[in-house]
Amino acid sequence: NAGVTQTPKFRILKIGQSMTLQCTQDMNHNYMYWYRQDPGMGLKLIYYSVGAGITDKGEVPNGYNVSRSTTEDFPLRLELAAPSQTSVYFCASSYGGTGSYEQYFGPGTRLTVT
Amino acid sequence: AQTVTQSQPEMSVQEAETVTLSCTYDTSESNYYLFWYKQPPSRQMILVIRQEAYKQQNATENRFSVNFQKAAKSFSLKISDSQLGDTAMYFCAFMRGDNTDKLIFGTGTRLQVFP
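Note that the protein sequences, when read in sequence, are chains A and B. Under my numbering, the residues of the first sequence are numbered 6 to 119, in order. Under my numbering, the residues of the second sequence are numbered 877 to 991, in order.
One or more of the hints may lead you astray.
Derived EDC-like pairs (lysine to aspartate or glutamate); straight-line CA-CA distance at most 16 angstroms [stated by the list, open to error]: (1) B:Lys954 x B:Glu891; (2) B:Lys978 x B:Glu928; (3) B:Lys931 x B:Glu905; (4) B:Lys978 x A:Glu84; (5) B:Lys949 x B:Glu905; (6) B:Lys954 x A:Asp61; (7) B:Lys978 x A:Asp31; (8) A:Lys49 x A:Glu64; (9) B:Lys954 x B:Glu886.
With the Cβ distance kept under 8 angstroms, some of the chain A side facing chain B (calculated, not the full set) [what the hints assert, rightly or not]: (10) Leu48; (11) Leu50; (12) Ser99; (13) Glu107; (14) Gln108; (15) Gly113.
Chain B regions said to be covered by chain A (calculated; three or more residues, Cβ under 8 angstroms) [said to hold, decoys possible]: (16) 907 to 921; (17) 970 to 980.
The set of hints was computed from the structure by calculation and includes no laboratory data. Each residue gets a CB set at the ideal place from its N, CA and C atoms; glycine is no exception.
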């Protein structure tokens, strides 16, 4: 049981490049989330999903896209990377729906855009 | 919109002593949940403790306890018998009871435990 896994761990992008951050969970969780953490700040929600085929925006969705074709996977797509997207990205998952279930976080991806 | 405020950017405590981290939040919701997360240097987010707003009793988990003051919208974390392994960033977080389970985080308090 690996929990929530994220790849890559680190990435440097040039301005204007695109990439996909991968997130996979093996706990059969319905709910999945993407957060970003800027230096010295708390996490902010980018997108979330309450089940396969269902996604919705969080607090800071601009510049990102997501899809949820399976229960296990929730990739985050960055199009036309900008320096403002330099951050640490966390994926999380939970059974969800009542606040009673813990959100399990992945180890994070550190992204630098230069 | 909900907001979470942590007014102590940094705190320090000696090993075996007790420390309290502060958190206030703003909401008009009646059904919500509050959390404290720990983020050690490894960057991994770890749930420390959870409080349901409808429960008057303060949550406790071993050395960790909260002081939940609903009317004052205050949710402080007390760490007793501090250990070196408690050194980390601590984040307070709010969740509406709307079945989306979205977390809103404060900016964090960096806690250093000294021997």
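How the hints compare with the structure:
no., hint, in the structure
1, B:Lys954 x B:Glu891, "14 angstroms, holds"
2, B:Lys978 x B:Glu928, "15 angstroms, holds"
3, B:Lys931 x B:Glu905, "15 angstroms, holds"
4, B:Lys978 x A:Glu84, "24 angstroms, violated"
5, B:Lys949 x B:Glu905, "11 angstroms, holds"
6, B:Lys954 x A:Asp61, "35 angstroms, violated"
7, B:Lys978 x A:Asp31, "20 angstroms, violated"
8, A:Lys49 x A:Glu64, "7 angstroms, holds"
9, B:Lys954 x B:Glu886, "15 angstroms, holds"
10, Leu48, "5 angstroms, holds"
11, Leu50, "6 angstroms, holds"
12, Ser99, "6 angstroms, holds"
13, Glu107, "5 angstroms, holds"
14, Gln108, "7 angstroms, holds"
15, Gly113, "5 angstroms, holds"
16, 907 to 921, "holds (count 6)"
17, 970 to 980, "holds (count 8)"
Violated hints for the displayed structure, listed by number in ascending order: 4, 6 and 7.
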